[in-house]
Structure formats: structure tokens, C-alpha cells
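With the hints as constraints, model all of the structure from the sequences given.
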Amino acid sequence: MVIDSNKTVGNIVADDYRTAGVFSQLGIDFCCKGNRTIDEVCAKKGIDKYALLEELERVTANNNNQGIDFKSWELDLLIDYIEKKHHRYVEEKIPQLLSFLLKLEQVHGAQHPELFEIKKLFKRSADELTQHMKKEELILFPFIKKMVEASRNNTPIN
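Residue numbers (the numbering used here): 1 to 158.
Among the hints, a few may not be true.
With a straight-line Cα cutoff of 25 Å, these simulated DSS-like cross-link-like pairs (lysine-lysine) come out [as the list claims (entries may be wrong)]: (1) K146 / K123; (2) K135 / K103; (3) K134 / K123; (4) K135 / K145; (5) K45 / K33; (6) K33 / K93.
Don't read these hints as lab results, they were simulated from the structure.
Here's what the structure looks like:
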């Protein structure tokens, strides 16, 4: 993704969420101060604009799933991938998103009381998703792995 330095940091994150990590690492507020351009942010913080643009383009150019044929994977390998890649990602991002929502609520809650409900609903959804993933990890995935093992060995499921 080619990024225009005159574009606001908020719009860049809205276009591709992966850029949020780059901005966060550099202490660039893309939320409440998301109306600033790359040029403005770099000038204010003394950041090398070209290095930042290069990093943003590197992050957005990386398509991790491109070319992977998940349908050809054995189920136990797919389970390991889901747990290590997707479950860990969700577990890492939920607290970050809650932190952003809390900040939004604190800064803009008086003018936008709907933010309190949004945070509450997100937290409830995040809790349900976390419980769902735990059930997969403790019940569903181990059973599927037993089925795969039984199929490979041509034996009944233990």
C-alpha cells in the first residue's frame, strides 16, 4: 500500500489496522490526535518521515496468508496454526482494543455517551470469544486430534 504523507494518521489506520502497531511503537496517537498528517507528526516528534513511510509500507505489503492452501493441511496442523496464530493474536489484541476504548470513553464520553455502551458490548463480546476459544482448546481441538490419530492408526478413538 503506497502511503501519502499528507494523509492523516487516523485515516491510515482506518485503511489498514496493521499500521496501528507502527504508530503505537513510535508513540503516535492515531486515535484522539488522528487528524494530523504524517508530515505534521514527523515534524513534531522529530521522526524520519521516510523511515516511517517505509515501515508503514512494509507492514501493509505483508500479506501473511497469501499463497497458503489451508484446505490441504492435516487437521492437527491446522489446529496448531489456529491456536498459535489466531488465538494468540486475539488474546493479544483484546487488551489493546479495550485500552483504546477506555481512552475514547475518558476523552470523548461526555460528548458521546454511546461510547460507554460500545465498550460494554465489546467487553462482553471479547469475554464470549475468549470463552469460546478456551472451549476449542480444551474440548474440541483435543477430540479432533484424537480422531486424526485414530484415523492414521486405523484404531478406535480412545
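Here's how the hints hold up against the structure:
1. A distance of roughly 34 Å separates the Cα atoms of K146 and K123; the hinted pair therefore is violated under the 25 Å criterion.
2. Note on K135 and K103: the hinted pairing is violated, with a Cα-Cα distance of about 31 Å set against a maximum of 25 Å.
3. Simply put, K134 and K123 have alpha-carbon atoms about 16 Å apart, close enough for the 25 Å limit, and the pair holds.
4. For the hint pairing K135 with K145, the CA-to-CA distance comes to about 14 Å; that is within 25 Å, so the pair holds.
5. Pair hint K45 plus K33 holds up; C-alpha atoms about 13 Å apart against a cutoff of 25 Å.
6. The suggested pairing of K33 with K93 holds, with an alpha-carbon distance near 21 Å, which does not exceed 25 Å.
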